[in-house]
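**Q** Listed below are the residues making up each chain.
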Amino acid sequence: MPSYSFVLNGKPVTVEAPADMPLLWVLRDLLNVTGPKYGCGVGVCRACTSHLDGGEIQPCVVPVADCAGRRVTTIEGLADGDTLHPVQQAWLDCDVAQCGFCQPGQIMAAVALLKKTPRPTDAAIDRIENVCRCGTYSRIREAIKKASADG
Amino acid sequence: MARQLSRRKFVVYSLAASTLTVAAPLGCDPSTAEGIEPTAADRRRPSDVLVTGTDEEMLVLEVTAANKVVVRLPRVEVGQGVTTAVAMMIAEELDARLVDVDIPLAEARTKGNQYTGGSNSVSSLYGPARQLAATARAKLVTAAARRWHVPARSLRTRDTRVIAPDGRSATFGSLTASAARIHRPSVSSRPKPASRHRVIGRPTTRIDARDIVTGKATYAGDLTVAGAKPTVVARPPTLGGTVVSVDDRAARAMPGVHAVVKVAGGVAVVADSFHHAFKARDALRITWAPGPLASLSDAAIRSRLRAAVPRLGTAPRGSAQTEGEFEFAFVSHAPMEVLTAVADVRPGRAEIWFSSQTPMDARDSIAAAVGLPTSKVRVHVMRGGGSFGRRLNYDAAIEAALISKAARRPVKLMWSRADDIRHGRMRPASHHRIRASHARGRVVAFAHSMASVSEAYPESGATAQGGVTPAVARAANPLPSDSGLYNFGRLSGNSGSVELAIPLGAWRSVDSGTMRTAEEIVVDEVARSLGRDPVAFRRTTLRNKSVKAVLDKVATTGHWGRPLPAGQAQGVAVHEEYGSCVACLVEVNATDPKNPRVTRAVVAADVGTAVNPRGLEAQLMGTVIDGISTVLQAGLHIDRGTVRESSYADFHYARQRHAPLHFEVHLIPSRREPGGAGELGVPAAAGAVANAYARATGTKPRRFPLTF
Ligand code: FES
Ligand code: FES
Numbered sequence: 513m514p515s516y517s518f519v520l521n522g523k524p525v526t527v528e529a530p531a532d533m534p535l536l537w538v539l540r541d542l543l544n545v546t547g548p549k550y551g552c553g554v555g556v557c558r559a560c561t562s563h564l565d566g567g568e569i570q571p572c573v574v575p576v577a578d579c580a581g582r583r584v585t586t587i588e589g590l591a592d593g594d595t596l597h598p599v600q601q602a603w604l605d606c607d608v609a610q611c612g613f614c615q616p617g618q619i620m621a622a623v624a625l626l627k628k629t630p631r632p633t634d635a636a637i638d639r640i641e642n643v644c645r646c647g648t649y650s651r652i653r654e655a656i657k658k659a660s661a662d663g
Numbered sequence: 236m237a238r239q240l241s242r243r244k245f246v247v248y249s250l251a252a253s254t255l256t257v258a259a260p261l262g263c264d265p266s267t268a269e270g271i272e273p274t275a276a277d278r279r280r281p282s283d284v285l286v287t288g289t290d291e292e293m294l295v296l297e298v299t300a301a302n303k304v305v306v307r308l309p310r311v312e313v314g315q316g317v318t319t320a321v322a323m324m325i326a327e328e329l330d331a332r333l334v335d336v337d338i339p340l341a342e343a344r345t346k347g348n349q350y351t352g353g354s355n356s357v358s359s360l361y362g363p364a365r366q367l368a369a370t371a372r373a374k375l376v377t378a379a380a381r382r383w384h385v386p387a388r389s390l391r392t393r394d395t396r397v398i399a400p401d402g403r404s405a406t407f408g409s410l411t412a413s414a415a416r417i418h419r420p421s422v423s424s425r426p427k428p429a430s431r432h433r434v435i436g437r438p439t440t441r442i443d444a445r446d447i448v449t450g451k452a453t454y455a456g457d458l459t460v461a462g463a464k465p466t467v468v469a470r471p472p473t474l475g476g477t478v479v480s481v482d483d484r485a486a487r488a489m490p491g492v493h494a495v496v497k498v499a500g501g502v503a504v505v506a507d508s509f510h511h512a513f514k515a516r517d518a519l520r521i522t523w524a525p526g527p528l529a530s531l532s533d534a535a536i537r538s539r540l541r542a543a544v545p546r547l548g549t550a551p552r553g554s555a556q557t558e559g560e561f562e563f564a565f566v567s568h569a570p571m572e573v574l575t576a577v578a579d580v581r582p583g584r585a586e587i588w589f590s591s592q593t594p595m596d597a598r599d600s601i602a603a604a605v606g607l608p609t610s611k612v613r614v615h616v617m618r619g620g621g622s623f624g625r626r627l628n629y630d631a632a633i634e635a636a637l638i639s640k641a642a643r644r645p646v647k648l649m650w651s652r653a654d655d656i657r658h659g660r661m662r663p664a665s666h667h668r669i670r671a672s673h674a675r676g677r678v679v680a681f682a683h684s685m686a687s688v689s690e691a692y693p694e695s696g697a698t699a700q701g702g703v704t705p706a707v708a709r710a711a712n713p714l715p716s717d718s719g720l721y722n723f724g725r726l727s728g729n730s731g732s733v734e735l736a737i738p739l740g741a742w743r744s745v746d747s748g749t750m751r752t753a754e755e756i757v758v759d760e761v762a763r764s765l766g767r768d769p770v771a772f773r774r775t776t777l778r779n780k781s782v783k784a785v786l787d788k789v790a791t792t793g794h795w796g797r798p799l800p801a802g803q804a805q806g807v808a809v810h811e812e813y814g815s816c817v818a819c820l821v822e823v824n825a826t827d828p829k830n831p832r833v834t835r836a837v838v839a840a841d842v843g844t845a846v847n848p849r850g851l852e853a854q855l856m857g858t859v860i861d862g863i864s865t866v867l868q869a870g871l872h873i874d875r876g877t878v879r880e881s882s883y884a885d886f887h888y889a890r891q892r893h894a895p896l897h898f899e900v901h902l903i904p905s906r907r908e909p910g911g912a913g914e915l916g917v918p919a920a921a922g923a924v925a926n927a928y929a930r931a932t933g934t935k936p937r938r939f940p941l942t943f
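Chains A and B, in that order, give the protein sequences. With our numbering applied, the first sequence corresponds to residues 513 to 663, in that order. With our numbering applied, the second sequence corresponds to residues 236 to 943, in that order.
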């Protein structure tokens, strides 16, 4: 079995896995990193959203082979110790979550958006594809704007 | 077990323990959970009776030596915020810090009320939870008074501590052992009057919010218990299809595959990871026999439903009629977390972990399915990633147990998203015929007949797939809407059904989500034919003052009647249920009628005491998105016995771009007991969206979802 090394949430890891194994299952089933959630497995719901070299990806459709030698960040790697990332903090301040299942993906998508677009318009926020079946969209919008304003 | 008789349901017991542990029985019937205001009977009876026993049937509160207040909750948290609401009730009466209150979910019990549904959790827990905490507080204060030799009355409680006038203080944790020995507290153990509430009624962030935003919140699929192996099931293309033959040689030969077993729903693969399991599933060569609906498609289902709607009676003589026929498609629950269950079935016992609204029924069914006595089956209730009624059924748990038994190993079964959408469950499709008869400017009769699909299987035993939903089965009557919301003269109605072998389930707000939505559309059309404004017409015909008040609230704050450009319009609707009422006003931009956008939504609700206004607002927000989704865009097609949709790519539940840019909630202040709120908003939101769309486009919406 081939093995792949990458940096996961700041720490180097090596896994033995088939080349086509999606990163999502490498994270969840091999490394027990369960923040990224399965919601469809086909890149649609975005519950699994994480970052590869700082950019947004859907790990359910990214083979582990594509991650070799790169930096993977999941929701678990966002906070700095006990200090939450400003987007996580905005999510707390706005009490965005309901069931919470989509929220790791929502937060990672928002972080990626704010990195590219520090002052996103409503139209830019509208382009976020992540499904929230609990319907927390208004608070997501509010939290993104708050995180943007708080810098 | 000794029990002090009382008219009230809120007797509190002390359990014999080395830490302070008190328990209150939970009534099965939420209607008994009323009138917590103290009565003479309360004052007479001692507030505690020492008992030994288990916590079956009880809400149990323990104060640990580590200064935590732990209440094991016989309900499930699926996002509706029940754990936060209960923590607030406990913190209020104990004067504990919210962070010191833990609300783990109780595992399946053998007695009592462990049912989450019908929007009754807060109303059924409000009395017992506060009484429980108030009793614990009285004992802690008494224990501190004895320790310090001061009058108990002179002591205060704050931040999980008892505080003396001289500034001395003790944590509850340091007092718990001595409080456990107090039988008769020397201060009142009555809950506070509402006027002294400082926690209840204050907008509060969820107690699990930090766990969620850091990815620590644990769902069934995140468990690593018992070495359970990832498991998926190859399912038939058609609903209810069956395996004729399977060639599993290629699948079994694949790396990381542990077992391949046949189950009622298809062929299960147990593997090292979900990647291995999916790959092996796809390598199975299965010949399927079509399911019982293989010749049936939407058009036929629709015409059978139409034919099953009972005739409306004759209209009053001399009246004019406003009539409409309405069709609602099947709708998937599609909770964000797909059905997942961990099962460890051994020869003499079984243990299951999953998110369940009905864990007691689930345990009985699982025990029967695997051939064990109920007492040998443990069901651990996990938090759920959404439910909307889906977790009333326990299909996946039974399936996981059977796979574990057959494979002789612990399994972690996950339904794929395609499994979830293509194999149910779903809100039944329905057809409605509504007629309002009016004369001299008033509605004199209102008739509503409907038919919906009901779940039935030709051979008995097929319901072993997780049970039909007895607790939420539709009552044949009364129709129209139970509440008789309007002064519409003679009300009449009837219902029929079309029995199909199709997996159905109660969907948030159940029948009201279709019935009341259709009725609110007719109310708008009646107003139009009478030349009345929809808000003004409702104001003069609504029966209940509270409903008028919420309507007025949205009309004022939502600027009802403000001018809008062509292609845009406002719409309004109201609903009353669960001892609560709600009004919703939306604005729709339907400049492109195929791609409408709800731009604004204003909701007003009167739910009695709002324990956590922030949580309540979240529930109303969710129901507005449900209304938008089900009316405008999200539904399921049946093509020759197959559900056409298979993910959120084609089941169009709303995304951010479909959600209102502006959303606001107004809560009517109230000291009434809490009513239900989790499902309340669906019909009002759906009705308002349909009415706004009708006004924006000059059409009469009849078939939902509209863009389908
Ligand atoms: S699970 Fe990755 S996008 Fe849905
Ligand atoms: S919070 Fe439940 S799916 Fe988004």
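By construction, these hints were calculated from the structure, which means they are not laboratory data. Take the hints with a grain of salt, since some may be wrong.
To be verified - Which chain A residues stay away from chain B? Per the calculated CB distances, all over 12 Å, these:
#1 Ser515
#2 Asp565
#3 Arg582
#4 Leu626
#5 Lys628
Said to hold, decoys possible - DMTMM-like cross-link-like pairs, simulated, lysine to aspartate or glutamate; straight-line CA separation at most 20 Å:
#6 B:Lys451 - A:Asp638
#7 A:Lys627 - A:Glu588
#8 A:Lys627 - A:Glu641
#9 A:Lys658 - B:Glu899
#10 B:Lys829 - A:Asp638
#11 B:Lys451 - A:Glu588
#12 B:Lys451 - A:Glu641
As the structure is a computational prediction, the values presented were derived from the model and not from experiment. By construction, the Cβ of each residue, glycine as well, lies at the ideal position given by its N, Cα and C atoms.
**Q** Using Cβ atoms and 12 Å as the threshold, tell me whether Asp565 (chain A) really stays out of contact range of chain B.
**A** Given that every Cβ of chain B is farther than 12 Å from that of Asp565 (chain A), nearest at about 20 Å, it holds.
**Q** With 12 Å as the threshold, tell me whether Leu626 (chain A) passes as away from chain B on beta-carbon distances.
**A** Holds, because the least Cβ-Cβ distance between Leu626 (chain A) and chain B comes to about 15 Å, which exceeds 12 Å.
**Q** Hey, Lys451 (chain B) versus Glu588 (chain A), does the alpha-carbon distance stay inside 20 Å?
**A** holds, 8 Å
**Q** Please verify whether Lys451 (chain B) and Glu641 (chain A) have alpha carbons no more than 20 Å apart.
**A** violated, 23 Å
**Q** In terms of Cβ atoms, is chain B entirely out of 12 Å range of Lys628 (chain A)?
**A** With a cut-off of 12 Å, Lys628 (chain A) remains clear of chain B, as the shortest Cβ separation is near 16 Å.
**Q** Check whether the Cα positions of Lys627 (chain A) and Glu641 (chain A) lie no farther apart than 20 Å.
**A** Judged against 20 Å, a Cα distance of about 17 Å means the pair holds.
**Q** Hint check: Lys829 (chain B) vs Asp638 (chain A), CA-CA at most 20 Å. Holds or violated?
**A** holds, 18 Å
**Q** Hey, does Ser515 (chain A) actually stay past 12 Å from chain B on C-beta?
**A** holds, 15 Å
**Q** The output says Arg582 (chain A) does not contact chain B. Does that hold with a beta carbon cutoff of 12 Å?
**A** holds, 19 Å
**Q** Taken at face value, is the distance from the CA of Glu899 (chain B) to the CA of Lys658 (chain A) at most 20 Å?
**A** Status holds; Cα separation ~17 Å.
**Q** Mind checking the alpha carbons of Lys451 (chain B) and Asp638 (chain A) for me, to see if they're no more than 20 Å apart?
**A** Violated - the C-alpha atoms of Asp638 (chain A) and Lys451 (chain B) are around 28 Å apart, more than 20 Å.
**Q** Just to be careful, I want the Cα atoms of Lys627 (chain A) and Glu588 (chain A) compared with a cutoff of 20 Å; is the pair within it?
**A** holds, 18 Å
Against the hints set out earlier in the document, violations occur for numbers 6 and 12.
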